[in-house]
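K.L.:
Chain by chain, the residues:
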Amino acid sequence: MTIGELKEEILGKWEGAPAAALSVCIIEYLASLPAEELKFLTFRSLAKATPSKMVVTAELAAAVNILTGSLSLLDVHGLLIDEYEREYDLDDDEFAAARTTNSVVHPETGQIITNAAAHIVPYFVPTDRFYRAIK
Amino acid sequence: MTDIGDRLSAIYESLAGGPGAVSFDFLLSATHAERVSVVRNAVDFIVRDHVQTRNLRQGRSEDQLTIDVVSGLKGMGFRAWHDAQIGGHTDISVEGKDGFLWLCEAKKHSTYEWLLEGFVQLGAYCPGLEGQDAADILIFHYAVDSEAVMNEWISRLDSAGLDVQILPHTGDTLTRFSRHKHLASGRTLEFRHKIVPLHWQTLKASKARAKQPKA
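Chains as they are written, first to last, in the numbering used here: chain A, 1 to 135; chain B, 1001 to 1215.
The hints are simulated quantities; they were obtained by calculation from the structure and are not laboratory data. Quantities reported herein were computed from a predicted structural model and do not represent experimental measurements. For every residue, glycine included, the Cβ atom is placed at its ideal position computed from N, Cα and C. There may be inaccurate statements among the hints.
[Unchecked claim] Dumping the calculated DSS-like pairs for lysine-lysine here, alpha-carbon to alpha-carbon at most 27 Å:
#, chain 1, residue 1, chain 2, residue 2
1, B, 1181, B, 1097
2, B, 1097, A, 7
3, A, 53, A, 13
4, A, 7, A, 39
5, B, 1097, A, 13
6, A, 13, A, 48
7, B, 1108, A, 13
8, A, 135, A, 48
9, A, 48, B, 1097
10, B, 1097, A, 39
11, B, 1097, A, 135
[Said to hold, decoys possible] Counterexamples of contact, computed for chain B against chain A with all Cβ distances above 12 Å:
#, residue
12, 1044
13, 1051
14, 1059
15, 1108
16, 1118
17, 1148
18, 1156
19, 1158
20, 1160
21, 1181
22, 1192
[Unchecked claim] Computed, partial: chain A to chain B, Cβ under 10 Å:
#, residue
23, 15
24, 59
25, 66
26, 79
Chain A with its partners taken away, still in its complex shape (with noise of 0.2 Å):
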């Protein structure tokens, strides 16, 4: 699928909602980036595709829930940053078990952290799908 069959795809099964619009305008950004930049982008860092460019609205979290869905061109995953600011990437059952109890076990120490969601970066990366279809 090319790029320009996803934008079609999006904006046909998606007709009317504000979202596949700003959806559309993340993927043309995306594609824009230089590979580098692609490997961790923040929930924020997708909001500079929008015309609010830093601010985080029900609009953006409904376009990149398009692009995370079943249409797989982003995929999500943790980082844990502890209060030394080092950083621990979370495999995905430890995310999920953060964001559901709240609480994480540090890497290293082994320490309980609470209130994990002060502690826990969601970011984004594009899927093999994604970059298929920029090629």
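Fit chain B to the supplied structure of chain A, relying on the hints for placement.
P.N.:
Chain B in isolation, oriented as in the chain A frame:
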């Protein structure tokens, strides 16, 4: 490089418990159970708005009411369909990652037989596979006392001879859950039954006064 605004807590704070938070919940959801829960939250969010604006929604057809819900779901970024061909013509369906599929039969209440027909249809439409075994029956109700209708519906379903297990109340008397065996797969289907009270009438001051006891 990240800053505090990139963290989960800050994102949810910005989304302020609104529809964006529901979208965000769904894109983060990692299990089918979580996905079902988020889709149901989304439906609750949408129909809550419909109830609040029911004065503008009088006289709508079953199809129009159903499309209103589908539009709301699409607005939140769900891959939602109206009348998709999934084991039959499913009123509402939502697809997600890893083969997730949630179905919904939307009925404008007229008779309990009509609801029972919807229940049986929904059971037939459900694939019954993992991640495809939860569904909702949405009952749009334009007459008074939706709670009484829900109680009667559940009572009739319980005695319909369909081997359905009715689950205890969860607190909201306008919502109930049931389980029954999927005919083809033999797995358990979980249905949520939700009634949407849309009755509305203007009460003119003269009529309201007439109802007051005379001094």
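K.L.:
Against this structure, judge whether each hint is valid.
P.N.:
Status of each hint after checking the structure:
The straight-line distance between the Cα atoms of residue 1181 of chain B and residue 1097 of chain B is roughly 25 Å, inside the 27 Å bound, and the hint therefore holds. Distance restraint check for residue 1097 of chain B and residue 7 of chain A: the Cα-Cα separation of roughly 19 Å lies within the 27 Å cut-off, and the hinted pair is therefore satisfied. Restraint check for residue 53 of chain A and residue 13 of chain A: satisfied, since their Cα atoms lie roughly 25 Å apart, inside the 27 Å limit. The suggested pairing of residue 7 of chain A with residue 39 of chain A holds, with an alpha-carbon distance near 22 Å, which does not exceed 27 Å.
For a cut-off of 27 Å, the pair hint linking residue 1097 of chain B to residue 13 of chain A stands: about 16 Å separates their Cα positions. For the given pair, residue 13 of chain A sits about 24 Å from residue 48 of chain A by alpha-carbon distance, which is consistent with the 27 Å threshold. A distance of roughly 26 Å separates the Cα atoms of residue 1108 of chain B and residue 13 of chain A; the hinted pair therefore holds under the 27 Å criterion. Restraint check: the Cα-Cα separation between residue 135 of chain A and residue 48 of chain A comes to about 22 Å, which is no more than 27 Å; the hinted pair holds.
At roughly 26 Å between alpha-carbon atoms, residue 48 of chain A and residue 1097 of chain B fall within 27 Å of each other, so this suggested pair holds. Annotation: proposed proximity of residue 1097 of chain B to residue 39 of chain A holds, straight-line Cα distance about 21 Å (limit 27 Å). At roughly 24 Å between alpha-carbon atoms, residue 1097 of chain B and residue 135 of chain A fall within 27 Å of each other, so this suggested pair holds. With a least beta-carbon separation of about 16 Å from chain A, residue 1044 of chain B lies farther than 12 Å from that chain, consistent with its non-interface assignment.
The claim that residue 1051 of chain B lies off the interface holds: its Cβ sits roughly 20 Å from the closest Cβ of chain A, which is beyond the 12 Å cut-off. Listed as a non-interface residue, residue 1059 of chain B keeps its Cβ farther than 12 Å from every Cβ of chain A; the least gap is roughly 22 Å. The beta carbon of residue 1108 of chain B is kept farther than 12 Å from every beta carbon of chain A, the shortest such distance being approximately 23 Å. Distance check on residue 1118 of chain B: its Cβ is at least 26 Å (rounded) from any Cβ of chain A, clearing the 12 Å threshold; non-interface status holds.
In this structure residue 1148 of chain B is separated from chain A by more than 12 Å, as the shortest Cβ-Cβ distance comes to about 36 Å. Distance to chain A confirms residue 1156 of chain B as a non-interface residue, since its nearest Cβ pair spans about 36 Å, more than 12 Å. Even its closest Cβ contact with chain A, about 33 Å, leaves residue 1158 of chain B beyond 12 Å, as expected for a residue assigned away from the interface. Against chain A, the non-interface label of residue 1160 of chain B holds: every CB pair exceeds 12 Å, the least being about 35 Å.
Residue 1181 of chain B, annotated as away from the interface, keeps every beta carbon of chain A farther than 12 Å; the closest lies near 28 Å. With a cut of 12 Å on Cβ distances, residue 1192 of chain B stays outside the contact zone with chain A, its closest approach being about 20 Å. Look at residue 15 of chain A: its Cβ gets to within about 8 Å of chain B, closer than 10 Å, so that hint holds up. A least Cβ separation of about 8 Å between residue 59 of chain A and chain B falls short of the 10 Å threshold, and the interface hint therefore holds.
A hinted interface residue such as residue 66 of chain A counts as satisfied when its beta carbon comes closer than 10 Å to some beta carbon of chain B; here the least separation is about 5 Å, so the hint holds. Below 10 Å, beta-carbon pairs count as interface contacts, and residue 79 of chain A has one with chain B at about 7 Å; its hint therefore holds.
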